[in-house]
Amino acid sequence: NAGVTQTPKFQVLKTGQSMTLQCAQDMNHEYMSWYRQDPGMGLRLIHYSVGAGITDQGEVPNGYNVSRSTTEDFPLRLLSAAPSQTSVYFCASSYSDTQYFGPGTRLTVL
Amino acid sequence: GQQVMQIPQYQHVQEGEDFTTYCNSSTTLSNIQWYKQRPGGHPVFLIQLVKSGEVKKQKRLTFQFGEAKKNSSLHITATQTTDVGTYFCAGPRTGNQFYFGTGTSLTVIP
Chain L
706 NAGVTQTPKF QVLKTGQSMT LQCAQDMNHE YMSWYRQDPG MGLRLIHYSV
756 GAGITDQGEV PNGYNVSRST TEDFPLRLLS AAPSQTSVYF CASSYSDTQY
806 FGPGTRLTVL
Chain H
4 GQQVMQIPQY QHVQEGEDFT TYCNSSTTLS NIQWYKQRPG GHPVFLIQLV
54 KSGEVKKQKR LTFQFGEAKK NSSLHITATQ TTDVGTYFCA GPRTGNQFYF
104 GTGTSLTVIP
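Protein sequences appear in the order of chains L and H. As numbered in the numbering used here, residues 706 to 815 make up the first sequence, in order. As numbered in the numbering used here, residues 4 to 113 make up the second sequence, in order.
Careful: at least some of the hints might be erroneous.
Computed from the model, here is a short list of chain H residues facing chain L with C-beta under 7 angstroms [unchecked claim]:
id, residue
1, Y13
2, N34
3, P42
4, P46
One side only, chain L facing chain H, incomplete, derived with CB under 7 angstroms [claimed, not checked]:
id, residue
5, G747
6, L748
7, L750
8, V755
9, G758
10, T803
11, F806
12, G809
Just a sample of chain H residues kept apart from chain L, beta carbon distances all over 12 angstroms, derived [to be verified]:
id, residue
13, Q36
14, R63
15, T65
16, D86
Honestly, the hints are just simulated from the structure, not real lab data. Model, not experiment: these values are computed from the prediction. Built from N, CA and C at the ideal position, the CB exists for glycine as well.
Next comes chain H alone, as it looks inside the complex (with noise of 0.2 angstroms):
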């Protein structure tokens, strides 16, 4: 089944610096999803990302897909504390299931 692995589990940093997550599929997506959880809350969906070396940007946040398609990543510019939360990816629904990449929590010390 497809394996969507992401990195790093765990990220601190101080307010104001970068921040990037990334996501990593077994297998070639044919999009791929991306999802932000704040403390105590539910996942809320962010974007998706369609095309191969597709680059979008919710202000801060930049989203890439790879040219394969494989993998994607997740960049924060100039963190805040409102950034702070769990990010995660996920890829299309194949065999009637989604697949999570694990997860990166992101702590930003004020």
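One chain only, chain L, in its complex shape (with noise of 0.2 angstroms):
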């Protein structure tokens, strides 16, 4: 099993730009999830999903959309690149209450 995997790991965008943020899970998880890693901030969450076809949103999900077709597959999508998105993104599956993250994508916007 790969597990969680997130693409692309390194991202460099201009203010104004959109982009999407992959995951992907192959352990047939119903819970999906994104975080953003700030220094000091802890892990806040974006938006979430308990299954295909169903998302919510969590903590900070202002300039953020999801969406989920399938079961392995939980895209997050910056609609307009900002200097305050600059952050480490996490994605997660569940099971039960252990959550499983991928190994992150370090997003910087100029």
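With the hints as a guide, bring the two chains together.
In structure tokens:
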């Protein structure tokens, strides 16, 4: 099993550009989520999904969209990148109360 | 909503010294999870505690769940440089969201 995979590993964007961070899991987990991690801020929940076709907002959803068309994939879209979105983004999937994290995407917005 | 507080935020220890991080919840938890994140890495699940007063050990790591199931601790005996990283606690999924502590960043000085 590959577990949770994320692409790309690194990305640099200019203000106003859009992009999609990819996330996939092969563990057949229903629950998936996206977090951002900033220095001293811990893990903050952006969006989550409890199954294909169902998504909801977390603590910091503004500027991000998600969709969940399959159990395996949960992409995160930045609509119009801003410097405040410079961060490390982690995707996670969950079985019961244990979460499995992907390796992360390090995003810089100039 | 659920709040999970973690202290200290940072800890520097000499190699060989002990280390403890504490996690406190505003509500009673059905279980608690601990994760470790190495510098530049992603959070990795360490252990789950479920029972009141439970104590679990993993080599030099000792995890405790409080009698009231509102607090937990992680103790590392005789730290090594491989213990460097940030340690997070997290409660169970509540309202479809996970609540993480803010993390304790451990630096081990050789």
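How about P46 (chain H): closest beta carbon in chain L under 7 angstroms, or not? The hint holds - P46 (chain H) has a Cβ within 7 angstroms of chain L, the shortest such distance being about 5 angstroms.
Regarding the assertion that R63 (chain H) does not contact chain L, is the least Cβ-Cβ distance greater than 12 angstroms? 22 angstroms, holds
Does the interface hint hold: is P42 (chain H) within less than 7 angstroms of chain L, judged Cβ to Cβ? Not OK, violated: P42 (chain H) not within 7 angstroms of chain L, min 12 angstroms.
Have a go at the V755 (chain L) hint: is there a Cβ in chain H nearer than 7 angstroms to its own Cβ? Holds. Min distance 6 angstroms.
No chain L beta carbon within 12 angstroms of D86 (chain H)'s: 19 angstroms, holds
Interface hint outcome for N34 (chain H) [beta carbon to chain L under 7 angstroms]: 6 angstroms, holds
Interface hint for G758 (chain L), Cβ within 7 angstroms of any Cβ on chain H: The hint is violated - G758 (chain L) has no Cβ within 7 angstroms of chain H, the shortest such distance being about 15 angstroms.
Using Cβ atoms only, decide whether G747 (chain L) comes closer than 7 angstroms to chain H, and label the hint accordingly. With Cβ-Cβ at 4 angstroms, under 7 angstroms, it holds.
Against chain H, is G809 (chain L) within 7 angstroms by beta-carbon distance? 5 angstroms, holds
Can T803 (chain L) be said to touch chain H, with a Cβ gap under 7 angstroms? Cβ of T803 (chain L) sits 5 angstroms from chain H, so the hint holds.
Would the least Cβ to Cβ distance between Q36 (chain H) and chain L come out above 12 angstroms? 6 angstroms, violated
Evaluate the condition: distance from the CB of T65 (chain H) to the nearest CB of chain L exceeds 12 angstroms. The claim holds: T65 (chain H) sits with its nearest Cβ about 20 angstroms from chain L, beyond 12 angstroms.
In terms of the numbered hints stated before, the structure departs from hints 1, 3, 9 and 13, listed from lowest to highest.
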